[in-house]
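K.L.:
Protein sequences, first through last, are from chains D, E and F.
Counting in the numbering used here, the first sequence runs from 1 upward without gaps.
Counting in the numbering used here, the second sequence runs from 1001 upward without gaps.
Counting in the numbering used here, the third sequence runs from 2001 upward without gaps.
Everything labelled a hint here was simulated from the structure, so no lab data went into it.
We treat Cβ as the ideally placed atom computed from N, Cα and C, and that holds for glycine.
Do not take every clue at face value.
Claimed, not checked - Label pairs and their in silico Cβ distance ranges:
(1) F:Val2070 - D:Val23: 55 to 61 Å
(2) D:Phe104 - F:Val2070: 33 to 39 Å
(3) F:His2084 - D:Pro241: 18 to 24 Å
(4) D:Phe42 - F:Ala2092: 43 to 49 Å
(5) F:Trp2127 - D:Pro224: 44 to 50 Å
(6) E:Gly1170 - D:Val23: 57 to 63 Å
(7) F:Gly2190 - D:Val23: 55 to 61 Å
(8) D:Ala30 - F:His2084: 50 to 56 Å
(9) F:Val2072 - D:Phe42: 43 to 49 Å
(10) D:Trp107 - F:Ala2010: 18 to 24 Å
(11) E:Arg1150 - F:Ala2189: 57 to 63 Å
(12) F:Arg2244 - D:Pro224: 58 to 64 Å
(13) F:Tyr2082 - D:Leu9: 53 to 59 Å
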Amino acid sequence: MPLALRRLLADRAALLGLAIIAVMLVLAFAAPYLVPFPEDAFDAKPWQRLEPPSAEHWFGTDGLGRDVFSRTLMGTRVALMIALLVVLGAMLIGIPLGLSAGYFGGWTGDGIMRLTDVFQAVPQLVLALAFAAVMRPSIGSAMAALTLTYWPFFCRIVYGETRRVRSGLFIDALEAQGAGTPRILFLHILPNVAPAIIVRATIGMGVTILVAATLGFLGMGAAPPTPEWGLMVAESRKDLPEGWWQSAFPGLAIFLAVLGFNLFGDALRDVADPRLRRSR
Amino acid sequence: MSMPAPAPAPMLSVDDLSVVIDTPEGPARVLDRASLAVGAGEIVGLVGESGCGKSTLVKAILGVLPPNARMPEGRMLFEGRDLLALDEAALAREVRGRRIGFIPQDPALALNPMFTVGTQLLEIWRWHAPENAPDRSRAAGRARLIDLFRRVQIPDPEQALARYPHQFSGGQRQRVLIAAALLCGPRLIVADEPTTALDVTTQQQILSLLAELARDFALSVLFVTHDFGVVSQLCSHVTVMYAGQTVETGTKRAVLAAPRHPYSAALVACHPDRMADLAGIPGSVPSPLAPPSGCRFHPRCPEARPGCAARPTRLVALAGDPPHALNCIMADAPGPAGALP
Amino acid sequence: MLALILRRLALMIPVLLGLLVLVFVLTRIVPADPAAVLAGEQASPEQVAAIRATLGLDRPLHVQFVRYLVQVASGDFGTSLYTHRPVVQDLAERMPATIELALASMLLAILVGIPLGAVAAVRRNGWLDQIIRVFTIGGLAVASFWMAIMLQLVFSMQLDILPLRGRVDAGVPAPPFLTGLYVIDYLLAGNLALARHALWHLVLPSVTLALPATATIARFTRSSVIETLQKDFVAWERAVGYPRRVMLWKYVLRNSLSATVTQVGLLFGLFLSGSIVVEAVFGWPGLGDYLFSAITTADYQPVMATTLAIGVIYAVVNIMVDLVQARIDPRVAEQR
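My request is simple: use the sequences and hints to build the entire structure.
P.N.:
So this is what it looks like as C-alpha cells:
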C-alpha cells in the first residue's frame, strides 16, 4: 500500500509519533550504554540526595541520590517491554476469540461476546487492579493483569471486522470450494482484519504504557528499585515540593511515550480505515 | 401609444460570472463567464447535463459557494443591488430568505432532522419577516405559515408545525419547503431541481403548484432542471448551460421550437426522456480542470468545424425580437444555422 | 420508552452476574487469608479456623458463592474487615463524594470540550484547529496521577492558592446531609463561605479528572460538527438566510451533540477509573479511594461490592445515554 504509506509520511503528526517511537526503541536497547550513570538504576548514593538539575545531573537526583536522567531513560525499556508483551498477549487471546465469535456466530459467538461484556462491565483499570491485587505486586503480575483485561478490546474489534468480511460473498465461494475453516480464518479473513488490529495494537501500546504506569504508581506493579516511571513518581511524592524534578521528568517521559503511540496510531487509523472511530 | 418603453432592467442579471474552485489538483473553473437574466414575472428554466455548472450558478446567486471557491470576474445584480459587493453576513441578512426564496433539490435531506418543521421555518421568519408586514411577531409568522401550508395543501397545517421532517412524505416535505421559500414574501424563487427526487405523480403535482403560486404571487422563478419536458410545461424562458458556460438563452418558444446551438438542439431532441445519457451526443461533460480549447462543446459537437477549437466563443445576442443569445461560432454566420436535421 | 429501559436492564443483569462471579473467584484466590488477618498476629491456628468457620470460608467455593448471592439479593454486602461497618453503609457514605467529583469534572469537560471541538471544526485546518488538535491528543497522553501531583506542586505547594487535599480542611464540619454534594449542601444550608471553601477543594481534583474527558469530547465534537456541516440541510439553512451564528450554535451543534452524547458513557469509564487515582492523590474520600484501600488490604467484601457498584453505575449511565440521545434525536425515539 504505497499510497497509504505516502500519505502517512506526509502527515507531520504521524512523523513526530514515529520519531518518538524510534527514539524509544533505541533507548530500550541502548539506554544502559548511553546514560551517564547506568548503575543509578539500582544503587543508592545517599551523599548526593535531592540535588537540583545541573550540568552533571540534567534532571537532578532523587531521594536516594540516584541520577533521575539515567533512571528516566532506562525506564523506557521497562515501559516498552511491558506494553509490548501485554499487547502481544492480549492479541493472542483476543484475536482467536474474536475470529471464532465472528465466524461461527450462533451460540459460540454469543458466549464469547457475553464474556467480553463481563470483562468490559467495569473500566479496565478497576479490573486490572483487582487482578493485580490477588497476585504479589510485581511487574509480572501487572503485565498479567493488563493482558487479562485488554484482550476484550481486540476480541471486539476482530469480531466486528470478521462479521463484516464474512458477509462478503467470497467466503461462501471458498466454502463451496471445500476450503477448511482454519484456512479460511487465517488466510482469508485475518488479512482483511489486520489493518484494524494494527491500529488497535498501536493505540493499545499507548493505553498500556499509561495504565501500567498507573499500576506502578499505585504500588501494584514494579517493585523498587526498578526504574519504572509510575513507581518513580510515587517514590518522589515524599520529597515534594523540594524535589519536584524527580516527579516532573518521569511523568514527562510517560507523556511523550503515550503521545508518540497515540499520534502514530491516529494517523495509521486515518490511513488504514476511516470508518474506525477512536473508542479508547 | 407613445414612445416604446425601454426594456426594464431584469430582476436578476448575472453577467460573465466565473467561479474558480481551488482543488488539490489545481484550480477548477466550474463557471466560465456564465450569464443569466430573470425578468419580473418570468419563469426561467436553467437547463444542462449534470456537472455543467447549474448548481454552482445557483449557489453563487445565493452566496453559498464553498469556502474554497473564488469569483474572479463577473457581475451579479439583483433588484439593482450588486450581490458581489455584499458580504456573507449582509447577504444572509438582507437577501436570502427575504428577497430570494430557495427550494432545494432533495426534500428528504434539506430539513434538519432534529427540529420540528415549525421551529425551522419560523427561524426564517424571525430574521426575515418583511419590514412592511403589519405584525412581525412570532405569532404572526405562525399564522402566515399556517395560511401558506393550507395554500400548498399540507393537511392539518397547525399540527404540521409541531411535526419533525421525517414524519412527512417526500411530496409533503417539498410542499413544506415551498412554503418556507414563500414565507417572507420574496420576489424571486430559486428552485434547484425541486422535483428530481420525487416520483412522477408527485412531480406533476409540485410543478402545477409552483406554476399556480408563481402566477398568484407574481413571482419570478429560476427553475433548474435537466428535463425539457418540465421546461415546456412551466417556463417562459430558457437558459442552456454547458461546461460552465451559457450556450443559449431565449424565450421558451424560440429555443424549444428552433434551438440554434447544437447542444440545445441535442437536448431538445432527447425530450421528453431524462438527460442522464444524451442520445446522439457521445462523450461527457469535460472536467473543469482541463476544459477543451476554443468552444467547450466542440469535442462532442456534431457540427464542429475546423475553427471551433481555435478561439473561445462568447455569448452573442442575435438580431430580432424576442431576445435570443447564442454562444457558438455559428452565431456569426447569417441565417438559421445549427438546427439539426 | 419504558420497554426500552426494561429491556436494557434485563440485558444488564447477566453481565453483572458474570462480573460478580469473576470478582468472587478472584477474591477467593487472594493469597492473604482474611481470617488470619482478622484474627491478628498472636492468634492460634484454632482461633483462625474458628473465624474462618464463622465467615463461612471453610465451605466449597460454589456454596460460598450461592450464600453470597442470597446475601446480596437481600441487600447485604457483608462487613468491611477494616472499618468494621456494613459495606453498604461505607458505600453510601462515600458515593456522594465520587458523584460530586464526577459531576464537576463532567460539567467542566462539557463546558470546555464542546466549544473547543466546535471551534476547531469551524476553523478547520486553521491555526486554532492545530492548537486544539495538539491539546486533544496530548490531553489523552497525560497520566492522571502525574497531572494531579504537578497541579498540587504548583497551585498548593508553591503558589498556595488552592488546597492540597480533601473535600474540606481538617476540622471543618461536614454540611447537613441533603444531596451529599458538599458545595450544594453548604449552599442549601446558607453557608456561602463554606460552599466556596468546598468548591476550592473541588478545583484541582476535578480539573485532573476532566482533562482526558475534555480532550475526548472536543475530539468527537470536532469530527461530528465537520460531518454535520456537509449535510444538505446546512446548505438549505444558509440559503434561506439563517444567521451563521444561529445556524452553527443552535442547529448544527444539536445535530453533532447526538454523536457526542454517545461518548459520555465511555467518559464515565474514564471518570470511574480516573477517580481511583485522583482520589488516592487528593485524599478524596470516595469510591475509588475505598476500592483502592480495600484492594491493598485484601478486604474482599468491599472489593466485590465496589466493583459491582461501579459496574452498575457504568451500565446505568450507558442506559441513560441512550435515553438522552432519544431526547435529542426524535428519530431515535421512534425507532424503538
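K.L.:
All the hints need checking, so say for each whether the structure fits it.
P.N.:
Hint by hint, here is what the structure shows:
no., hint, verdict
1, F:Val2070 - D:Val23: 55 to 61 Å, "holds (57 Å)"
2, D:Phe104 - F:Val2070: 33 to 39 Å, "holds (36 Å)"
3, F:His2084 - D:Pro241: 18 to 24 Å, "violated (37 Å)"
4, D:Phe42 - F:Ala2092: 43 to 49 Å, "holds (46 Å)"
5, F:Trp2127 - D:Pro224: 44 to 50 Å, "holds (45 Å)"
6, E:Gly1170 - D:Val23: 57 to 63 Å, "holds (59 Å)"
7, F:Gly2190 - D:Val23: 55 to 61 Å, "holds (58 Å)"
8, D:Ala30 - F:His2084: 50 to 56 Å, "holds (54 Å)"
9, F:Val2072 - D:Phe42: 43 to 49 Å, "holds (47 Å)"
10, D:Trp107 - F:Ala2010: 18 to 24 Å, "holds (19 Å)"
11, E:Arg1150 - F:Ala2189: 57 to 63 Å, "holds (58 Å)"
12, F:Arg2244 - D:Pro224: 58 to 64 Å, "holds (59 Å)"
13, F:Tyr2082 - D:Leu9: 53 to 59 Å, "holds (56 Å)"
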